[in-house]
Amino acid sequence: MIYGSRMSGLLYLSPYLLGLAVFTLFPFVASLLLSFSDYRLQDPVSAAQIIGFENYQAMLHDRTFGKSLLVTLVYVFLTVPLKLAFALFIAFVLNFRLRGIGAFRTAYYLPSILGGSVAIAVVWRYVFAGDGLLNQAFVLMGAAPINWLGEPAYAMGSIVLLRLWQFGSAMVIFLAGLQGIPTDLYEAARLDGASAWQVFRRITLPLLTPVIFFNFIMQVIQAFQEFNGPYVITGGGPLKSTYLLPLMIYEEAFKYFEVGYASALSWALFVLVALFTALAFRSSKYWVFYAQERGEGDKS
Amino acid sequence: MRAGLRYGVLIAVGVLMLYPLLWMVGGSFKPNHEIFDSIGFIPHEPTLEGFAKGWHTSTEYTFARYLLNTFAIILPKVVVTVVSSVLVAFGFARFNVPGKRALFGLLIATILLPKSVLLVPQYLMFREMGWLDTFLPLYVPSAFATEGFFVFMIIQFMRSFPREMEEAAVMDGCNSLQVLWHVVVPVIMPAIISVALFQFMWSMNDFLSPLIYLSSVEKYPVALALKLSIDVTEATSWNQILAMSTIALLPSLALFFAAQKYFVEGITVGAVKG
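Those protein sequence lines, which keep their order, are chains A and B. So for the first sequence, the numbering used here puts the first residue at 1; every next one is plus one. So for the second sequence, the numbering used here puts the first residue at 1; every next one is plus one.
Keep in mind the hints are simulated off the structure, nothing from the lab. Quick caveat: nothing in here was measured; it's all calculated off a predicted structure. The beta-carbon is built from N, C-alpha and C at its ideal position, and this holds for glycine as well. Hints are supplied without guarantee of correctness; some may be wrong.
Stated by the list, open to error - Cut-off 20 Å, straight-line C-alpha distance, at most; resulting in silico cross-link-like pairs (PhoX-like, lysine-lysine):
#: 1; chain 1: B; residue 1: Lys-227; chain 2: B; residue 2: Lys-53
#: 2; chain 1: A; residue 1: Lys-255; chain 2: B; residue 2: Lys-115
#: 3; chain 1: A; residue 1: Lys-67; chain 2: A; residue 2: Lys-255
#: 4; chain 1: B; residue 1: Lys-53; chain 2: A; residue 2: Lys-255
Unchecked claim - Facing chain B, from chain A, some residues (calculated, C-beta under 7 Å):
#: 5; residue: Tyr-108
#: 6; residue: Val-118
#: 7; residue: Leu-178
#: 8; residue: Ala-253
Work the whole structure out from these sequences, hints included.
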């Protein structure tokens, strides 16, 4: 290390340490405590009563929670694999010496930059509305219009499509990964008479696994936190078919003022996400292939 | 032939991707009835009615008010995010601090932590501080490098650069802050721009935080104003809503086209170099 003192290092880290304590760790612990309490939002904080596991017991009997958990899992299991597969496919198609690659990359990336905004959610609501763009197109093609936002399965489909539409950021990351694979590996394989599929299966895919892993983790985490889509487009309905957990947590806390219960729900979500990421990290040593060990230097 | 097939796929996907956006922009220049009559995006009877009426909104403020509010939140947020993230990343990348590995682990863990867990206690905390219905809860936390992703991004970027220049500057008698400012910051400028752009974009898109912290309409940012307008005027005036959605997306669109390479570098630095 070229800068001598440890003290000045701590000084640079001090905003982070303070922020970590005040805005992350403290609320994190407070949320766990609140999840064991009976507390309504409008009361002063001192009114919170510890009631043990009641909120968690209530969760087990709450059919709305059961439904919300189910649709959240459906949402994650639909969006993450589809989005990753599509992003990888398009990155693969783009990764050739074609003219105009830049323009295509821009076109595909743009939706992921804008897609999280309320403006896009609003547009989505109109695209899927009864007399919206999609149904107009259906009618033109002679098909019957569909009640997208009124039928549970289609409503889920509409918010799933909103996420798939934003495949661009995953694609850009895949594309950078693909471009990082040394071309002499491909040439060597071709000289050995490997087919295009064999090259993909034996060279491209293994070398891409670290990037797939990164994208997978990021997508899982984002999918579990989706809020704007269901809130603006479907309002969680119909029949709670798009009532994702973050929306339920928000409503329990800020619409029904059940802070204790909302906190228990948020811990359920946290445990779920932690479980998924832990499983992913655990399994990574069996399928993620690191060509060279960690970067040089930087041993602290 | 192969190339033809590739282009076919790429163009088809591209049209599908961009059509909702084109339809939005086109729709904002159409009279209302036309939005329902044709799926084409080019208006046959172009009109500015959607913009004119939409700009006035159904509230006592014009849309300009909501745009100004948005920038009053986002600009300080971007500035404090960049400053705090650079300082903290420098600490992580260049100093030997006790417990650094554990702290770095926590940094990654906060990236993975679902924000819903912190939502309610943070709300209560800001309520106790008397910060509800102000912009403070929306940007003050960012001054403490709370968005680990940005710190991580800059750390990765700093690590990929050799330290000879910094060593030379130290030999010449610069202290670490001077080295950071005169040597490191110019070199990591691309990463800094990426952080600023992503924070701008994500804050433009942020909806949940203003939703819980702001209660008076005069303080609403664009995201809340749009939601309010679909609740009020939805049934009839699609062109107004589409026009205001278009305006709401303009700053992000302009930045994206002006600085696309930083967006690409920004998201790939964590994944590919990491």
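These are the hints, each one checked on the structure:
The suggested pairing of Lys-227(B) with Lys-53(B) holds, with an alpha-carbon distance near 16 Å, which does not exceed 20 Å. Between Lys-255(A) and Lys-115(B), the direct Cα distance comes to roughly 18 Å. Compliance with the 20 Å bound is thereby established for this hinted pair. Taken as a hint, the Lys-67(A) and Lys-255(A) pair is honoured in the structure, with Cα atoms around 19 Å apart against an allowance of 20 Å. A C-alpha spacing of about 31 Å is found between Lys-53(B) and Lys-255(A), which places the hinted pair above 20 Å, so the restraint is violated.
With 7 Å as the threshold, the beta carbon of Tyr-108(A) comes within range of chain B, its nearest partner Cβ sitting at about 6 Å, so the hint holds. Taking 7 Å as the C-beta cut-off, the interface hint given for Val-118(A) holds, the closest approach to chain B being about 4 Å. Checking Leu-178(A) against chain B: minimum C-beta separation of about 10 Å lies over 7 Å; hint violated. Contact between Ala-253(A) and chain B, as hinted, is supported at the beta carbon level, the nearest pair being about 5 Å apart and thus within 7 Å.
Figure legend: structure checked against the earlier numbered hints; hints not met, in rising order: 4, 7.
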